[in-house]
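S.K.: First to last, the sequence lines map onto chains A and B.
Under the numbering used here, the residues of the first sequence are numbered 1 to 203, in order.
Under the numbering used here, the residues of the second sequence are numbered 1 to 203, in order.
Identical chains blur together in the list; that is why a pair holds if it fits in one copy or across any two.
SDA-like, lysine to any residue: derived pairs with alpha carbons at most 20 Å apart:
no., residue 1, residue 2
1, K92, A102
2, K92, D27
3, K92, D181
4, K92, R24
5, K92, N176
6, K92, E185
7, K92, S60
Note that these hints are calculated values from the structure, not bench results.
Take a look at the letters that make up each chain.
Protein chains: 2
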Amino acid sequence: MPRPSQRLLSAGIITDAALRLVDRAGDFTMPGLAESLRVRPSSLYNHVAGRAEIIELMRSRVMSEIVVVEPRDLWSETVAALAREYRRCYAKHPRLIPLLTAYTVQTGVAFGMYNALAQAFSDGGFEPGEVLHAITALDSFVLGSALDQAAPTVVWADVPEANDAMRAALATSVPNPARADAAFEFGLRALVAGLVAQAPVER
Amino acid sequence: MPRPSQRLLSAGIITDAALRLVDRAGDFTMPGLAESLRVRPSSLYNHVAGRAEIIELMRSRVMSEIVVVEPRDLWSETVAALAREYRRCYAKHPRLIPLLTAYTVQTGVAFGMYNALAQAFSDGGFEPGEVLHAITALDSFVLGSALDQAAPTVVWADVPEANDAMRAALATSVPNPARADAAFEFGLRALVAGLVAQAPVER
Numbered sequence: 001m002p003r004p005s006q007r008l009l010s011a012g013i014i015t016d017a018a019l020r021l022v023d024r025a026g027d028f029t030m031p032g033l034a035e036s037l038r039v040r041p042s043s044l045y046n047h048v049a050g051r052a053e054i055i056e057l058m059r060s061r062v063m064s065e066i067v068v069v070e071p072r073d074l075w076s077e078t079v080a081a082l083a084r085e086y087r088r089c090y091a092k093h094p095r096l097i098p099l100l101t102a103y104t105v106q107t108g109v110a111f112g113m114y115n116a117l118a119q120a121f122s123d124g125g126f127e128p129g130e131v132l133h134a135i136t137a138l139d140s141f142v143l144g145s146a147l148d149q150a151a152p153t154v155v156w157a158d159v160p161e162a163n164d165a166m167r168a169a170l171a172t173s174v175p176n177p178a179r180a181d182a183a184f185e186f187g188l189r190a191l192v193a194g195l196v197a198q199a200p201v202e203r
Numbered sequence: 001m002p003r004p005s006q007r008l009l010s011a012g013i014i015t016d017a018a019l020r021l022v023d024r025a026g027d028f029t030m031p032g033l034a035e036s037l038r039v040r041p042s043s044l045y046n047h048v049a050g051r052a053e054i055i056e057l058m059r060s061r062v063m064s065e066i067v068v069v070e071p072r073d074l075w076s077e078t079v080a081a082l083a084r085e086y087r088r089c090y091a092k093h094p095r096l097i098p099l100l101t102a103y104t105v106q107t108g109v110a111f112g113m114y115n116a117l118a119q120a121f122s123d124g125g126f127e128p129g130e131v132l133h134a135i136t137a138l139d140s141f142v143l144g145s146a147l148d149q150a151a152p153t154v155v156w157a158d159v160p161e162a163n164d165a166m167r168a169a170l171a172t173s174v175p176n177p178a179r180a181d182a183a184f185e186f187g188l189r190a191l192v193a194g195l196v197a198q199a200p201v202e203r
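So that you can see chain A by itself, here it is in the shape it has in the complex:
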């Protein structure tokens, strides 16, 4: 039997361990990762080039779970369906989000979704520069919504500083996932409707 310090490593095992650390503590270091796997830090480098590659492997892991839907009749329905899939996968790892947004998207698997979004917005008649903005705006909304899905049951405390409008709004809140789901669908409807209104091709 190999001793724990000599266990077989792989890029997949390293990715799993890094994801566990990020889920728990928001980040990872190479020494901390080696410790969690009970190997020497130098052993990690037999399988990965370093931190940036591990982050890209985590992105690949999460984005490979996204089901890239077939194009719908309306480009806007394709966009909405992709956004739902995207949020579903990222909501499992909210603390990974700021690590991923801090690094260049390199992994080919991520482009399954981005390609589908780019095609949908192109079908909507947007110019390439607008396609990039539209993808980015949807990305921002989805990642923020994935963070919101991981929010505590009580998002806002009932404090004396709340005005009447805010207090009335808070009184309607329900526990997650229902609250976050409803807010996401409400916002997605508004964002997509706004994009459709700006698009040269509505259908």
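Please build the complex by placing chain B on the supplied structure of chain A, with the hints as guidance.
M.R.: Frame of chain A; chain B shown alone:
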């Protein structure tokens, strides 16, 4: 002269130090925070109740920088102006975002902006439940956009997997802050237009 380990502490000094740790490493621990201030962990507890209070103090620090604009003629313009202020302040501390979204908003100072948003959406004729959804959706878009503002110059690498639509979009990209600013304004225009279209009161 006091020795470093006996330096005067305050909640403000602790908040500053925690924010530096979060900016650098995405999180903080009480022992790590004490070490960065060269005090014993027990000394921290003379000033703060613990981790949750420090997180709330960081939220208060960031949100106190938001200039809560006076209501504009159109409620939608008020919403857009608040969103810009909100993003400006959070973009300075992108790694703080997932910590803040994981804790209940308790600090009164945060309600300056939330109250103004609640009032604006109420002026738009939204029901209280819709007001909550609209605030949450805007919040998600702004926080995601703040993360995007901290993204690297090259957000997406030019990989063989990119399709023609994605490659054409990427070819238009310019370095930040111009790219992120343009995408935010494009998305904000769409989101607000979509909200206006759903609102009972347009003006």
